[in-house]
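**Student:** Sequence:
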Amino acid sequence: MRECFADYCGTSRTLNFCTRLEAPNVVRYEPSTPDRPEWFHEHADAWSIASATRQVSVVAYLNDVAEGGETVFTGFDFSQRCEKGTVLFFPSNYLYHHIARPPESGSKIVVVSWIHFGNGGESTYVTVPLDLHRDRDFLLAEVARNPSDVKSVFDLGQSYFDSGDFANARKWYARRAEMGGSAEEVYYSL
1 MRECFADYCG TSRTLNFCTR LEAPNVVRYE PSTPDRPEWF HEHADAWSIA
51 SATRQVSVVA YLNDVAEGGE TVFTGFDFSQ RCEKGTVLFF PSNYLYHHIA
101 RPPESGSKIV VVSWIHFGNG GESTYVTVPL DLHRDRDFLL AEVARNPSDV
151 KSVFDLGQSY FDSGDFANAR KWYARRAEMG GSAEEVYYSL
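Just so you know, the sequence shown maps onto residues 1 to 190 in full-length UniProt numbering.
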C-alpha cells in the first residue's frame, strides 16, 4: 500500500503534505450481508468534521469476486471490480462519492485506509507514519545520482523534519536554500 501511495504522491506536489496513514481496516463482506445499509450506501469518505482531514482513500482488494463486489463511482460512470492485488486510490472528498456493491458470488475481502494531511499527530484517528525511512533512502539515492536535483533535496529535508530528525532536516534545508531557485521552497527551507 505504501509503495502505491509513493507512486500516487508523484502526481501532485500537494500530496507531499499527506504524511499520515489511518490505521488500516481489514473488512470481509459476505453475500449474505447485502442488507447492511451502513456498508452498502453511496457516500464520500470525508463526510464529517472528524473525517475531514482524509485526503486520499485507499482500497486494496485481497481476493477476486466473480459477481458483485464492485466499487462504483456514480458521478464518473466508473466501477472497479474486486480483483486480487488491485489497489485503488482516489480523493476522499464529496466529488468522489461511491458505493461498495455487495458481493454475489463469494466473500469480498479488502483493506481500507485513508491518507491524511500530516498535522503533528493531532488527528482524531489512530494513525501510523508512512515509511519515512524508505522514502529518505530513496531520496538520498536520488541526490547522490543527481546532486543538483532541488526537488529531492527539499523533499529530503521534509522527510527528516517529518520523522523528527531536526538536525538532518536543518542540514538539507540549508543545502536547498543555498541552491536558490523556487522562492517558496527556499522560504520554507530557512
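Everything labelled a hint here was simulated from the structure, so no lab data went into it.
For clarity, every value in this text was computed on a predicted model and none was experimentally measured.
Keep in mind that a hint or two might mislead.
Derived CB-CB ranges, DEER-like [stated by the list, open to error]: (1) Asp165 x Ala23: 46 to 52 angstroms; (2) Ala174 x Asn25: 38 to 44 angstroms; (3) Asp77 x Phe40: 41 to 47 angstroms; (4) Pro147 x Ala52: 35 to 41 angstroms; (5) Asp77 x Ala23: 46 to 52 angstroms; (6) Ala66 x Gly181: 35 to 41 angstroms; (7) Ala52 x Thr74: 31 to 37 angstroms; (8) Phe138 x Tyr94: 31 to 37 angstroms; (9) Glu30 x Ala141: 18 to 24 angstroms; (10) Asn146 x Lys171: 16 to 22 angstroms; (11) Thr74 x Val27: 17 to 23 angstroms.
C-beta atoms are modelled at their ideal positions from N, C-alpha and C, and glycine is treated no differently.
**Student:** Next step is simple, just say for each hint if it's right about the structure.
**Tutor:** These are the hints, each one checked on the structure:
no. : hint                                : result
1   : Asp165 x Ala23: 46 to 52 angstroms  : violated, 24 angstroms
2   : Ala174 x Asn25: 38 to 44 angstroms  : holds, 41 angstroms
3   : Asp77 x Phe40: 41 to 47 angstroms   : violated, 19 angstroms
4   : Pro147 x Ala52: 35 to 41 angstroms  : holds, 40 angstroms
5   : Asp77 x Ala23: 46 to 52 angstroms   : violated, 32 angstroms
6   : Ala66 x Gly181: 35 to 41 angstroms  : violated, 53 angstroms
7   : Ala52 x Thr74: 31 to 37 angstroms   : violated, 22 angstroms
8   : Phe138 x Tyr94: 31 to 37 angstroms  : holds, 33 angstroms
9   : Glu30 x Ala141: 18 to 24 angstroms  : violated, 45 angstroms
10  : Asn146 x Lys171: 16 to 22 angstroms : holds, 18 angstroms
11  : Thr74 x Val27: 17 to 23 angstroms   : holds, 21 angstroms
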